[in-house]
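These protein sequence lines map, in sequence, to chains L and C. So the first sequence is residues 1 to 115, counted in my numbering. So the second sequence is residues 1001 to 1114, counted in my numbering.
A couple of the hints might just be wrong.
Calculated from the model, a selection of chain L residues having no Cβ within reach of chain C, i.e. all distances over 12 Å [to be verified]: (1) 18; (2) 24; (3) 30; (4) 56; (5) 62; (6) 63; (7) 65; (8) 72; (9) 73; (10) 78; (11) 81; (12) 85; (13) 101.
Capping the alpha-carbon separation at 25 Å, the derived lysine-lysine pairs in BS3-like fashion look like this [said to hold, decoys possible]: (14) L/96 with C/1057; (15) L/78 with L/96; (16) C/1052 with C/1015; (17) L/70 with L/96; (18) C/1022 with C/1052; (19) C/1052 with L/96.
Read the hints as simulated data drawn from the structure, not as lab findings. Bear in mind that the values here come from a model prediction, so they are computed numbers and not experimental data. Don't be surprised by glycine CBs; every beta carbon is placed ideally from N, CA and C.
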Amino acid sequence: AQTVTQSQPEMSVQEAETVTLSCTYDTSESNYYLFWYKQPPSRQMILVIRQEAYKQQNATENRFSVNFQKAAKSFSLKISDSQLGDTAMYFCAFMKRYNTDKLIFGTGTRLQVFP
Amino acid sequence: AAGVIQSPRHLIKEKRETATLKCYPIPRHDTVYWYQQGPGQDPQFLISFYEKMQSDKGSIPDRFSAQQFSDYHSELNMSSLELGDSALYFCASSLGPRGDTEAFFGQGTRLTVV
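Please model the complete structure; the sequences and the hints are all you need to start from.
Below, the structure written as structure tokens:
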């Protein structure tokens, strides 16, 4: 069975600074996807970034980038130039590939961006 | 662009009543997932459908049932409601194994059982 662990229940950062959220996972699969979802106070689940496990290059989406370490089963999210609108709960998630498989979520990290 | 539509957005029911939640996936998406998110918790997978057949089952109580119809919309039926069923219920859709596996989420249905 796959598990996803987020060891930081809460994080805070000042506006314009950089913050890194940690995520580790456990799986015996070789092909899979990893995701970071953002859930603002509206509770909408918004995809921030995704990484295919077979790709060595780290995914980047504007101010969001990941550090994917497959051997270490680590998948951290870096948010650069933090903005007030980044305040939200962030969930790391795992999904097997080549399958209509479910997302397995971590317990989330609540990020607060301060002015 | 069309998104995943869930209805109703809010629902208040009494204990032991029945509730039906509906999900309309993005056009051409053939896979639907249901998740339950309790207060302060991460989303928990309930059940999924691919091409109108159940594809996976998670921690869904026996009091709950779901199906996917010919137009690919899905309904989650919840009977004998309990206070602990109060949660945000998300539906997500994707193209499944034939295409991009990214799952798009609806805005959720907030169910309150009183």
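Against the structure, the hints:
The claim that residue 18 of chain L lies off the interface holds: its Cβ sits roughly 25 Å from the closest Cβ of chain C, which is beyond the 12 Å cut-off. Every C-beta of chain C lies more than 12 Å from that of residue 24 of chain L, the closest at about 15 Å, which supports listing it as non-interface. Remark: the non-interface label on residue 30 of chain L is consistent with the geometry, its nearest Cβ contact in chain C lying 16 Å away (cut-off 12 Å). Listed as a non-interface residue, residue 56 of chain L keeps its Cβ farther than 12 Å from every Cβ of chain C; the least gap is roughly 19 Å.
Every CB of chain C lies more than 12 Å from the CB of residue 62 of chain L, the least distance being 17 Å, so the non-interface label holds. At roughly 20 Å, the least C-beta separation between residue 63 of chain L and chain C is larger than 12 Å, which holds for a residue marked as non-interface. Residue-level check passed: residue 65 of chain L sits 18 Å from the nearest beta carbon of chain C, beyond 12 Å. Taking the minimum C-beta to C-beta distance to chain C, about 22 Å, the non-interface status of residue 72 of chain L holds against the 12 Å cut.
Listed as a non-interface residue, residue 73 of chain L keeps its Cβ farther than 12 Å from every Cβ of chain C; the least gap is roughly 18 Å. Non-interface status of residue 78 of chain L relative to chain C is upheld: no Cβ of that chain comes within 12 Å, the nearest being about 21 Å off. With a closest Cβ-Cβ approach of about 25 Å to chain C, residue 81 of chain L is found to remain outside the 12 Å limit, as its non-interface label requires. At roughly 18 Å from the closest C-beta of chain C, the C-beta of residue 85 of chain L stays outside 12 Å, upholding its exclusion from the interface.
With 12 Å as the threshold on Cβ separation, the claim that residue 101 of chain L sits away from chain C is violated: the shortest Cβ distance comes to roughly 7 Å. The hinted pair formed by residue 96 of chain L and residue 1057 of chain C meets the criterion: a straight-line CA distance of about 15 Å does not exceed 25 Å. A distance of roughly 23 Å separates the Cα atoms of residue 78 of chain L and residue 96 of chain L; the hinted pair therefore holds under the 25 Å criterion. Under the criterion of a C-alpha separation no larger than 25 Å, the hint pairing residue 1052 of chain C with residue 1015 of chain C is inconsistent with the structure, at around 30 Å.
Distance hint between residue 70 of chain L and residue 96 of chain L is fulfilled; the C-alpha atoms sit about 14 Å from each other, no more than 25 Å. Taking the CA atoms of residue 1022 of chain C and residue 1052 of chain C, the gap is about 15 Å. The hint holds against a cut of 25 Å. Restraint check for residue 1052 of chain C and residue 96 of chain L: satisfied, since their Cα atoms lie roughly 21 Å apart, inside the 25 Å limit.
Hint compliance for this structure: hints 13 and 16 are broken, all remaining hints hold.
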